[in-house]
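Kindly generate the complete structure, drawing on both the sequences and the hints.
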Amino acid sequence: MNSAPQSPQPVIVFDDVSIAFDDKVVLKNLSFTLYHGQTKVLFGVAGTGKTLILKLAMGLLKPDSGRITVLGEDVTAMRERDLFALRRKIGMVFQESALFDSLNVEDNVGFRLLEEHVAAAEMSERVREALRFVELEHTVKLAPSELSGGMRRRVAIARAIIANPALLLYDSPTAGLDPVTSTTIIELLVKQRDAYQVSALMVTHRLQDAFVMATHAYDAAQGKMVLVPRERNWDSRTSFLVLRDGEKIFEGSAEEIANSEDAYIREYLTP
Amino acid sequence: MNFSLTDWIKKNVLAVQEYALLAVRSLRNLFTGPRYLGDTLQQADIIGVGSLPIVVLTGFFLGAVLALQSANSLARFGGLSFTGQLVSLSMVREIGPVLTGLMVAGRSATGMASELGSMVVTEQIDAMRALGTDPSKKLVTPRVVSTVIMLVMLTVISDLFSMAGGATVAVFMLRLDGNQYWSTAWQSLGLGDIVMGLLKPFVFGFIISTIGCYYGMSAKGGTQGVGRATTQAMVSASVVLVVTDLFITQLLLTFFPFK
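Just so you know, the sequences run in chain order A and B. Residue numbers are given in our numbering: position 259 of the first sequence equals residue 259, and the series is strictly consecutive. Residue numbers are given in our numbering: position 154 of the second sequence equals residue 154, and the series is strictly consecutive.
In case anyone wonders, no lab produced these hints; they're calculated from the structure. Nothing false has been slipped in among the hints.
The calculated lysine-lysine pairs, modelled on DSSO-like cross-linking and capped at a C-alpha distance of 30 Å, are:
#: 1; chain 1: A; residue 1: K28; chain 2: B; residue 2: K220
#: 2; chain 1: A; residue 1: K62; chain 2: B; residue 2: K11
#: 3; chain 1: A; residue 1: K89; chain 2: B; residue 2: K138
#: 4; chain 1: B; residue 1: K138; chain 2: A; residue 2: K62
#: 5; chain 1: B; residue 1: K10; chain 2: B; residue 2: K220
#: 6; chain 1: A; residue 1: K28; chain 2: B; residue 2: K10
#: 7; chain 1: A; residue 1: K141; chain 2: A; residue 2: K89
#: 8; chain 1: A; residue 1: K224; chain 2: A; residue 2: K89
#: 9; chain 1: A; residue 1: K191; chain 2: A; residue 2: K224
#: 10; chain 1: A; residue 1: K24; chain 2: B; residue 2: K220
#: 11; chain 1: A; residue 1: K62; chain 2: A; residue 2: K28
#: 12; chain 1: B; residue 1: K220; chain 2: A; residue 2: K89
#: 13; chain 1: B; residue 1: K220; chain 2: B; residue 2: K11
#: 14; chain 1: A; residue 1: K224; chain 2: A; residue 2: K141
#: 15; chain 1: A; residue 1: K24; chain 2: A; residue 2: K248
#: 16; chain 1: A; residue 1: K24; chain 2: B; residue 2: K10
#: 17; chain 1: B; residue 1: K220; chain 2: A; residue 2: K62
#: 18; chain 1: B; residue 1: K11; chain 2: A; residue 2: K28
#: 19; chain 1: A; residue 1: K62; chain 2: B; residue 2: K10
#: 20; chain 1: B; residue 1: K138; chain 2: A; residue 2: K141
#: 21; chain 1: B; residue 1: K11; chain 2: B; residue 2: K138
#: 22; chain 1: A; residue 1: K28; chain 2: A; residue 2: K89
#: 23; chain 1: A; residue 1: K24; chain 2: B; residue 2: K11
#: 24; chain 1: A; residue 1: K89; chain 2: A; residue 2: K248
#: 25; chain 1: A; residue 1: K191; chain 2: A; residue 2: K89
#: 26; chain 1: B; residue 1: K220; chain 2: A; residue 2: K248
The model shown is predicted, which means the values in this text are computed figures rather than measured ones.
Here it is in structure tokens:
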């Protein structure tokens with residue numbers, strides 16, 4: 001279960017990417033590759049460009065230099081109108097959920113299906129299925145303003161996964177949430193990773209969330225995630241990337257980051 | 001803070017370019033799918049039906065005031081019977097389109113700027129793009145199309161109610177004959193007046209909606225930025241509308257000169 005494919009296909013490739021805003025360099029010569037079925041967790045203090053990486057991968061912004069390839073397509077060279085088709089293969093969960101205020105939960109989750117003119121009955125069924133996945137089936141007719149922060153985040157996850165994307169981008173999915181809700185959300189991400197083998201890029205400030213992802217696996221029989229003992233190898237598909245001042249200072253597995261001697265990373269790891 | 005003239009010029013040239021691109025894209029979207037008829041009808045309801053009360057009220061009372069003011073001047077030359085003609089020509093050619101345009105700018109351009117601005121600062125626009133939907137097609141074009149169509153209709157209604165307001169003053173205060181008022185008001189209108197009266201709201205509707213959408217889509221800086229975008233949309237739409245009115249009037253006068 002934890003063995004990586006023999007010749008994994010790259011899903012996201014950042015090749016020497018740099019971007020600046022008002023003369024302030026936010027990302028500097030960043031290169032990394034995310035392979036199929038992997039989850040890469042992006043760390044760094046606020047303002048190091050983590051969210052920017054997700055937006056660049058989505059083609060919502062263009063880098064000043066470098067090349068970004070997503071699902072085999074060069075997003076840096078694509079026009080906005082061509083990017084829409086690519087984005088339909090990707091799910092993104094925004095930090096503040098970004099649910100549409102004017103639509104109820106059902107229409108938010110089924111937004112992509114509405115745009116594709118999917119039949120009402122099929123849409124309703126798929127929306128309920130996605131909401132069942134995040135255990136919020138009962139909120140289908142509620143407005144986003146009637147939901148708590150954690151519920152909004154889970155609805156956003158349901159909206160991102162409804163079209164069975166090949167790639168998921170999570171922007172601080174547990175930021176500002178209580179520990180119980182955070183664990184619920186991380187469990188959903190582990191479930192999505194293990195049950196559907198979806199590649200993912202996740203931004204987070206919470207180191208413990210990333211370690212939970214690396215040290216746990218979803219047990220379909222028990223219907224919950226369970227701890228994988230260290231001697232049985234932590235999930236090799238979950239890797240860590242640490243940014244400092246817009247530059248990559250570490251990339252490796254949970255085991256490697258836990259044993260890192262780098263002073264900055266040690267400081268970051270120590271609560 | 002140092003002021004740089006070069007930066008100021010660059011910023012404003014860029015803003016004009018961004019606005020022009022949004023305006024052109026909003027029109028180009030009419031010829032490429034997908035088209036959002038449901039969103040267009042919803043906006044038409046919000047802009048058209050929603051603006052109806054203020055347009056009817058301002059039109060009626062402005063027509064009444066115009067009749068009252070002009071009657072005083074016309075009476076000096078013995079031309080009190082021309083009150084209907086003066087009210088209808090003034091309202092249809094000029095005041096109706098401009099007044100309705102300003103009312104809709106105050107209500108809808110600000111509404112568009114604040115709604116779209118809120119969506120921008122809460123990342124809903126990015127979320128829409130991430131979900132594979134073009135916000136320009138889904139949000140901008142329906143607002144532009146519905147504003148253009150609704151403003152033409154609202155202007156016709158405003159013209160009608162302003163003439164009714166003038167008629168009320170003419171009959172009940174100036175003691176003029178109602179039939180004479182309506183016949184002079186109706187007969188004085190020529191093809192040029194109708195064309196001018198209908199072409200202006202067509203252009204104004206485009207200006208109001210594209211400016212409202214532009215400021216909304218380019219809002220920055222949280223709720224304060226949304227407030228700023230709303231104010232700028234109102235001010236810019238009103239000023240551009242009045243300036244454009246001068247040029248359209250001059251242009252149309254060359255085709256339809258006063259007889």
